[in-house]
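Q: The residues making up each chain are set out below.
There are 2 protein chains.
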Amino acid sequence: MRLLLENGHSNLTIRAVAQAAGVAETTVYRRWPSVGHLIAAALLRLTATDNPIPDTGSVEDDLATLLSQIVALLTRPDVMRVVRSAAAIDDGGAFAATRAAFFDARFTASAAIVERAVARGQLPAGTDSHRLIETLVAPAYMRALLGSRGFDDDFVDSSVAATLHGFDGRTGPPRP
Amino acid sequence: MRLLLENGHSNLTIRAVAQAAGVAETTVYRRWPSVGHLIAAALLRLTATDNPIPDTGSVEDDLATLLSQIVALLTRPDVMRVVRSAAAIDDGGAFAATRAAFFDARFTASAAIVERAVARGQLPAGTDSHRLIETLVAPAYMRALLGSRGFDDDFVDSSVAATLHGFDGRTGPPRP
Numbered sequence: 001m002r003l004l005l006e007n008g009h010s011n012l013t014i015r016a017v018a019q020a021a022g023v024a025e026t027t028v029y030r031r032w033p034s035v036g037h038l039i040a041a042a043l044l045r046l047t048a049t050d051n052p053i054p055d056t057g058s059v060e061d062d063l064a065t066l067l068s069q070i071v072a073l074l075t076r077p078d079v080m081r082v083v084r085s086a087a088a089i090d091d092g093g094a095f096a097a098t099r100a101a102f103f104d105a106r107f108t109a110s111a112a113i114v115e116r117a118v119a120r121g122q123l124p125a126g127t128d129s130h131r132l133i134e135t136l137v138a139p140a141y142m143r144a145l146l147g148s149r150g151f152d153d154d155f156v157d158s159s160v161a162a163t164l165h166g167f168d169g170r171t172g173p174p175r176p
Numbered sequence: 001m002r003l004l005l006e007n008g009h010s011n012l013t014i015r016a017v018a019q020a021a022g023v024a025e026t027t028v029y030r031r032w033p034s035v036g037h038l039i040a041a042a043l044l045r046l047t048a049t050d051n052p053i054p055d056t057g058s059v060e061d062d063l064a065t066l067l068s069q070i071v072a073l074l075t076r077p078d079v080m081r082v083v084r085s086a087a088a089i090d091d092g093g094a095f096a097a098t099r100a101a102f103f104d105a106r107f108t109a110s111a112a113i114v115e116r117a118v119a120r121g122q123l124p125a126g127t128d129s130h131r132l133i134e135t136l137v138a139p140a141y142m143r144a145l146l147g148s149r150g151f152d153d154d155f156v157d158s159s160v161a162a163t164l165h166g167f168d169g170r171t172g173p174p175r176p
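Chains V and Y, in that order, give the protein sequences. Per full-length UniProt numbering, residue 1 is the first one in the first sequence, and the count goes up by one each step. Per full-length UniProt numbering, residue 1 is the first one in the second sequence, and the count goes up by one each step.
Just chain V, same shape as in the assembly (with noise of 0.2 Å):
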């Protein structure tokens, strides 16, 4: 983690992690076989502790907390340097497949918050769970790459809104 944050992932190699971890390459190779298996290893840690996938009964609740935690970690400079590493390898084969898996799994959870929601009569049920958390969270990742703006006050409020709104949500109390 501190050489993928100190130096970049164009500098990172299983040899400079296996010299400053005191061990032997092959220890390394064991659990990552390559250096995209430290990089979305290392962005599982950072986002895993940090965005919990919350359960506070109100499907708007449960979007806008979910958001807020992806724009916390996505202003943070030390995770924007990993998500960068992550969005810029282009190799066409093994770290592509660790970071679609890597999403994947935090899409998979995500979709709790969603059946959850169709349970309670909040959300239409047969809603497509990741197209819906795709359609909240991908503006924020956008965002934070490419930058074109930051995040404003109404950024959380204003996309859950339109989320919910565009996959027929039911806002207000759930259903008796």
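In short, the hints are calculated from the structure, not lab data. There's no promise every hint is true.
Restraint-style ranges between C-beta atoms, simulated for each label pair [claimed, not checked]:
hint, chain 1, residue 1, chain 2, residue 2, range
1, Y, SER10, V, ALA21, 24 to 34 Å
2, Y, ALA101, V, ALA125, 36 to 46 Å
3, V, GLY150, Y, ILE53, 43 to 53 Å
4, V, ALA101, Y, PRO52, 33 to 43 Å
5, V, LEU5, Y, ARG76, 29 to 39 Å
6, V, PRO52, Y, ASP104, 27 to 37 Å
7, V, LEU5, Y, ALA72, 29 to 39 Å
8, Y, ARG76, V, LEU44, 28 to 38 Å
9, Y, ARG31, V, TYR29, 24 to 34 Å
10, Y, GLY93, V, ALA125, 41 to 51 Å
11, Y, SER10, V, PRO33, 21 to 31 Å
12, V, ALA125, Y, ASP154, 38 to 48 Å
13, Y, ASP104, V, GLY22, 44 to 54 Å
The model shown is predicted, which means the values in this text are computed figures rather than measured ones. The beta carbon of each residue, even a glycine, is placed where N, CA and C say it ideally should be.
We have chain V; now place chain Y onto it with these hints.
A: Frame of chain V, contents of chain Y only:
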């Protein structure tokens, strides 16, 4: 463009560009004061010709055409190499500003779609065109850059539907 596509942004220098073009470095610096400016110019050139702002008379068709063009660009390896370069750099200064200016210009141009839709009664007065276009296109950028899924046949239509719905758009023919 050739150097960028062949070697990526981390090996791009003004000196190499000047040598490849057979001109003095000062000649390059006069128009593109930094490598960031060169990358932004490359993005502009790649997107401007293949991504005109549609004007079909229907907001649904305009948004579908715009997003289809963007998806077509984001599935081209040469375009993605430039977009990944643009996302990778975090200089917190000159390049970030140039990159932001590029995307702001694209959002401003696309706003015409929203303005015409408001004039036709297909979207409410006061619709935030930047937010609407961002909601439409951000999932495409996130998928292309962080790659948890490819683009299926339904991607464009479902993105347009969720976006229009999310911003209270009236689908179907314009109000007479």
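Q: All hints are to be evaluated individually against the structure, with a verdict given for each.
A: Quick rundown of the hints versus the structure:
1. Y:SER10 / V:ALA21: 24 to 34 Å: Taking Cβ atoms as reference, Y:SER10 and V:ALA21 lie about 25 Å apart, which means the hint holds.
2. Y:ALA101 / V:ALA125: 36 to 46 Å: Check passed, 44 Å falls within 36 to 46 Å.
3. V:GLY150 / Y:ILE53: 43 to 53 Å: 25 Å, violated
4. V:ALA101 / Y:PRO52: 33 to 43 Å: 37 Å, holds
5. V:LEU5 / Y:ARG76: 29 to 39 Å: 32 Å, holds
6. V:PRO52 / Y:ASP104: 27 to 37 Å: 34 Å, holds
7. V:LEU5 / Y:ALA72: 29 to 39 Å: With a Cβ separation near 36 Å, V:LEU5 and Y:ALA72 satisfy 29 to 39 Å, so the hint holds.
8. Y:ARG76 / V:LEU44: 28 to 38 Å: 30 Å, holds
9. Y:ARG31 / V:TYR29: 24 to 34 Å: 46 Å, violated
10. Y:GLY93 / V:ALA125: 41 to 51 Å: Since the Cβ atoms of Y:GLY93 and V:ALA125 sit about 49 Å apart, the hinted range of 41 to 51 Å holds.
11. Y:SER10 / V:PRO33: 21 to 31 Å: 23 Å, holds
12. V:ALA125 / Y:ASP154: 38 to 48 Å: 18 Å, violated
13. Y:ASP104 / V:GLY22: 44 to 54 Å: 48 Å, holds
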